[in-house]
Every structure is written in structure tokens, then in C-alpha cells.
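Visitor: Based on the sequences and whatever the hints tell you, model everything.
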Amino acid sequence: DAGVIQSPRHEVTEMGQEVTLRCKPISGHDYLFWYRQTMMRGLELLIYFNNNVPIDDSGMPEDRFSAKMPNASFSTLKIQPSEPRDSAVYFCASSPPGGYGYTFGSGTRLTVV
Amino acid sequence: AQSVTQLDSQVPVFEEAPVELRCNYSSSVSVYLFWYVQYPNQGLQLLLKYLSGSTLVKGINGFEAEFNKSQTSFHLRKPSVHISDTAEYFCAVSDSGGSNYKLTFGKGTLLTVNP
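For the record, the sequence lines run as chains A and B. The numbering of the first sequence is the working numbering, which starts it at 1 and goes up by one. The numbering of the second sequence is the working numbering, which starts it at 1 and goes up by one.
To be clear, the hints were calculated from the coordinates, so they are not data collected in a lab. Please note that a few of the clues may not be correct.
[As the list claims (entries may be wrong)] As a list, the in silico DSBU-like pairs of lysine-lysine whose alpha-carbon atoms are at most 30 Å apart:
#1 68/A x 78/A
#2 68/A x 24/A
#3 107/B x 58/B
#4 24/A x 78/A
#5 69/B x 107/B
#6 24/A x 107/B
#7 68/A x 107/B
#8 49/B x 24/A
#9 58/B x 69/B
#10 49/B x 107/B
#11 78/A x 107/B
#12 49/B x 69/B
Guide: Right, here's the structure in full:
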């Protein structure tokens, strides 16, 4: 299994531009999570899906952030418009039913200048 | 709501010394507990987990952790560390009783192993 695959690995964009981060979960995993990691705030859960349905988006910081999961093998996190304070590493993780631990992707390092 | 406190933000040790990374949690319900490791510029990797049963849990790379319900702790230990153990370690908790599978993470402990 290739694990959780995220793209791109690095993204540098200008303030105001739209940014789309992508994630392919492990086949058979019903849960998908998006986390953001910064030095100041640590790991924050943004949103998670179960069977492609958003379950909890209370961690999404603002309306500028949106996430979709159109099918079991693909999810996107979009920021529009982006701001410098959105600079962080964004992780996607997936989990089988039971909550017995996630598998994380390698992350996308986003820099907004 | 659940929370996790990792008591040390940084732990420097010498190679072959023992190490303990401390983790305390707060929850009103039964929990699952996890330790993850993050090497530089990589994602998080599961080290070990406590779901039920024996309170002493063994994981990869020679790490182990002990669940202490009365102390609400889940400290991570290794009897002899290597340079390659230098990384950030995260403790995490989730609700074991329902269908809420989201993990709450601590702030992390940076373990630096010096020669």
C-alpha cells in the first residue's frame, strides 16, 4: 500500500490566490482527517469525513477554508483567498473504522507571501 | 472535551541513556491513547497505542508506554536511545466509547539525542 498520498509537497503562493491541497487516503479507510500544524498552535484538526460525508468542521478557521470529498479515494482542502497567516504544514490522515489510529500523509508545506 | 498535556517541550539526552517523555490527559469518558513520532520534514508515524487490556504497551523501535488511569497519564519510555531517535513525539487521545474518532494531540516533545 502506498499510504496516504498528499500533493503538492510544497506550495508557495501569493496572498489572495486560491490554493488547493489534495489527498488520497488508504483504500478501505472510511475516515479522512485534515490537520494543520504550526509552531504556535501545534496540530489542529480542521475537518473530518466519514464515508465521504463531513462530520465535524468546527476546526475550519474561516469561510475562506473549504473541504470536499467527492469519492472514497480523493479529498481537497481549498483556501480562497489565501493569507500569510495560513502558512503552515497541512496533513491529511485516514483511518479504518474503530478509531484505532490514523495513518498520516507526508504533508503539504504551504507558504503564503 | 479532551485535552493532552505534554509536560516537557524539549528533552535532551545522551546516546544509550534511558528516556521518559511525559503525557497527561483529561477526559470525562474512556479513552484510547496514542504516541506518534515525527521526523524532520515528514508526517506523523504511529509508535504505539493503548486500546484496552494490559496497561503496558510495546511499540516500534523499542519504545513502550504505560497507561495509568488513576494518574491519567501515558508516559513513553525507552531504556536506551539512539541518535536516530531524535524527533518530535506527540501524545494523543480519542474517545473510546462512541463514534467520535478524532484525535486530540499534545503540543509535542522534541527529543534530541546527543553523542
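Visitor: Would you mind marking each hint as holding or not holding in the structure?
Guide: Okay, the hints, checked on the actual structure:
Taking the CA atoms of residue 68/A and residue 78/A, the gap is near 9 Å; set against the 30 Å cutoff, the hint holds. A threshold of 30 Å between alpha carbons decides the hint, and for residue 68/A with residue 24/A the separation of about 12 Å falls inside it, so the pair holds. With a C-alpha separation of about 22 Å, the suggested pairing of residue 107/B with residue 58/B holds against the 30 Å cut-off. Taking the CA atoms of residue 24/A and residue 78/A, the gap is about 15 Å. The hint holds against a cut of 30 Å.
In summary, the hint linking residue 69/B to residue 107/B is supported, as the alpha carbons are separated by about 21 Å, within the 30 Å threshold. Straight-line distance between C-alpha atoms of residue 24/A and residue 107/B comes to about 26 Å, which keeps the hinted pair within the 30 Å bound. Between residue 68/A and residue 107/B the alpha-carbon distance is near 28 Å, which keeps this suggested pair within the 30 Å criterion. For a cut-off of 30 Å, the pair hint linking residue 49/B to residue 24/A stands: about 24 Å separates their Cα positions.
At most 30 Å may separate the alpha-carbon atoms for a hinted pair to count; residue 58/B and residue 69/B meet this at roughly 17 Å. For the hint pairing residue 49/B with residue 107/B, the CA-to-CA distance comes to about 18 Å; that is within 30 Å, so the pair holds. Distance check on the hinted pair: residue 78/A and residue 107/B sit about 25 Å apart at the alpha-carbon level, within 30 Å; holds. Simply put, residue 49/B and residue 69/B have alpha-carbon atoms about 15 Å apart, close enough for the 30 Å limit, and the pair holds.
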